[in-house]
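Following the hints, position chain B against chain A.
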Amino acid sequence: MTKITLAKGLNAGLRKAMENDPKVVVMGEDVGKLGGVFRITDGLQKDFGEDRVIDTPLAESGILGTAVGLAMRGYRPVCEIQFDGFVYPAYDQIVSQVAKIHFRSQGKIKMPIVIRIPFGGGIGAVEHHSESPEAQFAHTPGLKVVSCSNPVDGYWMIQQAIACDDPVVFLEPKRQYHADKADLDEAASPAPLFSSRVVREGTDVTLLAYGPMVKTCMQSAEAAAGDGLSLEVIDLRTLSPLDMGPVLESVRKTGRAVVVHEAHVNLGLGAEVAARITEQCFYSLESPVLRVGGFDTPYPPSRIEEDFLPDLDRVLDAVDRALAF
Amino acid sequence: MSETTNADFGPGAGEVFGPTHAEGGAELVQLLTPEGERVEHPEFSFDPGDGVDETEMIRGFYRDMTLTRRIDTEATALQRHGELGIWAQLLGQEAAQIGSGRALRPQDYVFPTYREHGVAWCRGIDPLRLLGLFRGVDQGGWDPRDGNFNLYTIVIGAQTLHATGYAMGMQRDGVVGTGDPDRDAAVVAYFGDGASSQGDVNESFIYAASFNAPVVFFCQNNQWAISEPIERQSRIPLYQRALGFGFPGVRVDGNDVLATYAVTKAALQRARDGQGPTFVEAYTYRMGAHTTTDDPTRYRLSEDLEHWKLKDPIARVKAYLTRNGLADEDFFGTVEEEAERLGEHLREGCKALPDPSPLSIFDQVYAEQTEELAAQKAGFAAYLDSFEGAQA
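As they're listed, the protein sequences go chains A and B. Reminder that position 207 of the first sequence reads as 271 in the working numbering, one-by-one numbering, no gaps. Reminder that position 275 of the second sequence reads as 856 in the working numbering, one-by-one numbering, no gaps.
Please keep in mind that the hints were generated in silico from the structure rather than gathered at the bench. None of these values were measured; they are calculated from a predicted model. It is possible that some hints are incorrect.
Under the rule of at most 27 Å between Cα atoms (straight-line distance), these lysine-lysine pairs were calculated in the DSS-like manner [to be verified]:
1. A:K87 - A:K110
2. B:K932 - A:K172
3. A:K80 - A:K174
4. A:K80 - A:K245
5. B:K958 - A:K172
6. A:K87 - A:K97
7. A:K164 - A:K174
8. B:K958 - A:K174
9. A:K80 - A:K67
10. A:K67 - A:K279
11. A:K87 - A:K174
12. A:K164 - B:K899
Only chain A is shown next, with the shape it has when bound in the complex (with noise of 0.2 Å):
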């Protein structure tokens, strides 16, 4: 057992995927001798070389449409976006090239592309810097998209990730690269990559989250347990395909749910989430689901991000509304 971060998972995960397949490159901005802006790449350059950990000229587009080639060449790439704000100059390539090589070809072609993008706020950050883009891939037919929460994760799921024959969005909750600790059993076997997981029972309401509103919604659920509430929360982890069992499970036993995400409410994953509740558990729901998030504006100034994001009040206010339905 080792006590690691959610950036030091990420990071020896990747060791471990570049160790086992030789056809694993990770290319991006940075990535090199820097080890990325957030350091998750820290040491490979050193250790695999130039040729499978790759410092790409700056331009996102570039960094995508020279991954489709090496992935029809057979290798496996691993890239970067330094940011969720400069994922747009790669969104040609992503939705149009990315997603649709392997209907396009009948599955002779595949794509085994991970594009790694650290996303959400909560640093500080300007402009650009703390975005959640992560409906705008969920909604593209041909990609999946997931979201680790905590360190233990992040080391499996970029693997199970990078051996996945499909292209993956592997959103990385930023502002918890460096924040806790867990500790990390190698010999552990892991959940499948596509699934849901309850990580805190509860009978009263569902909260359902993922990447960095995970913590929040336990602290939410700490919070409601000192006044006499039991929050069941979930961790979504895969957004795209959804894994709706352990969803809809907890559901039928608590009749009432909150989807919590920092990325704007509207169209946001939150109205999917609902919408499949809705349809699927009806008779079970004593209220409707609810959704917590981002306001529909353009990502504020840092100095007022704390008021646009959702936060431990925001979340018992609408456990709250949920239960007075």
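Coordinates of chain B only, in the frame set by chain A:
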């Protein structure tokens, strides 16, 4: 300090910089004139390679170009008869495509746009397979690994980055610069004058230069991006852009199959030898429309087309072969018969291309099928079956 104005830098607005549009300029590499005369060039010469008969090769080019033109006219006719939804015509660009396509070795890899029907021919793709995309029965009906010919890419310029990445993969596979002619490989990225304005094309130049990737950027400058003339894309001859990215650029007469072959062959060899990318601007003309939905009479002069007809890529090879007694009527007749058979193959085959099953759309979205999609497929199948007389 004196005031600096824009006028101090380069050409002013409206000033002609570089060669004029209709001629291609003095730097144009040409080995066969429009009249069918062989001419020398100080840097490039037509070399068919060891053990290959020069005349046989040129006769082969004639055959390739004639059959390619037949593919194009036949597909255009199929569109007019409603058998294809649309067709992207290549009329006039046969030499650019056959010259470059025949310079490839089997181990090289090609990233086409949606107009490289002649290159597909060189790579052994059954032209019938090209029709599926335009008929709407598939999105690329051949296996890219057969003939190392990628599927057509419709978002212009996107494939130049794929080509560069593929070339970076070749470098990592150790198939560049080994000196073994059967092993060393390179990539050709095709694109057009319109795509030269795309960010992806410019990014691909930067990546290829930075990593010294074995790519030949083969731009068919056919003067028109649908209705927009080359002057809207560039103030300088396109091939001169390469210098700014740090690799050589060459402008070749794209209607001269010998010159296109020679220049592409040299560029490919440079790439295979590990000397990095080259930009080849094949200076040509789109004698047809952009696609069968386009109407060029709305934006260009018929004199322009008449002028370029005199530079026809096939006519000049025929003139050369005939004038020098290298081919007789029998030869031309045989090629014509072959073209007839090819036309019939396309006409009959196109109509027989089956529509895909509606349920097939779910099958290849992912390599690892999701439960969600499997459920959608089952639901849609049940819905279709619910109609009276439905065939499962």
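Results of checking the hints against the structure:
Note on K87 (chain A) and K110 (chain A): the hinted pairing holds, with a Cα-Cα distance of about 17 Å set against a maximum of 27 Å. Among the hinted pairs, K932 (chain B) with K172 (chain A) is consistent with the structure: their alpha-carbon atoms are about 25 Å apart, no more than 27 Å. Under the criterion of a C-alpha separation no larger than 27 Å, the hint pairing K80 (chain A) with K174 (chain A) is consistent with the structure, at around 22 Å. With a C-alpha separation of about 19 Å, the suggested pair K80 (chain A) and K245 (chain A) falls inside the 27 Å cut-off, and the hint holds.
A threshold of 27 Å between alpha carbons decides the hint, and for K958 (chain B) with K172 (chain A) the separation of about 21 Å falls inside it, so the pair holds. A hinted pair counts as satisfied when its Cα atoms are at most 27 Å apart, and K87 (chain A) with K97 (chain A) qualifies at roughly 21 Å. Between the alpha carbons of K164 (chain A) and K174 (chain A) the distance comes to roughly 10 Å, so the proposed pair stays at or under 27 Å and holds. Simply put, K958 (chain B) and K174 (chain A) have alpha-carbon atoms about 21 Å apart, close enough for the 27 Å limit, and the pair holds.
For the hint pairing K80 (chain A) with K67 (chain A), the CA-to-CA distance comes to about 17 Å; that is within 27 Å, so the pair holds. Among the hinted pairs, K67 (chain A) with K279 (chain A) is consistent with the structure: their alpha-carbon atoms are about 18 Å apart, no more than 27 Å. In summary, the hint linking K87 (chain A) to K174 (chain A) is supported, as the alpha carbons are separated by about 14 Å, within the 27 Å threshold. Distance check on the hinted pair: K164 (chain A) and K899 (chain B) sit about 43 Å apart at the alpha-carbon level, beyond 27 Å; violated.
Hint violations for this structure: number 12 only, all remaining hints satisfied.
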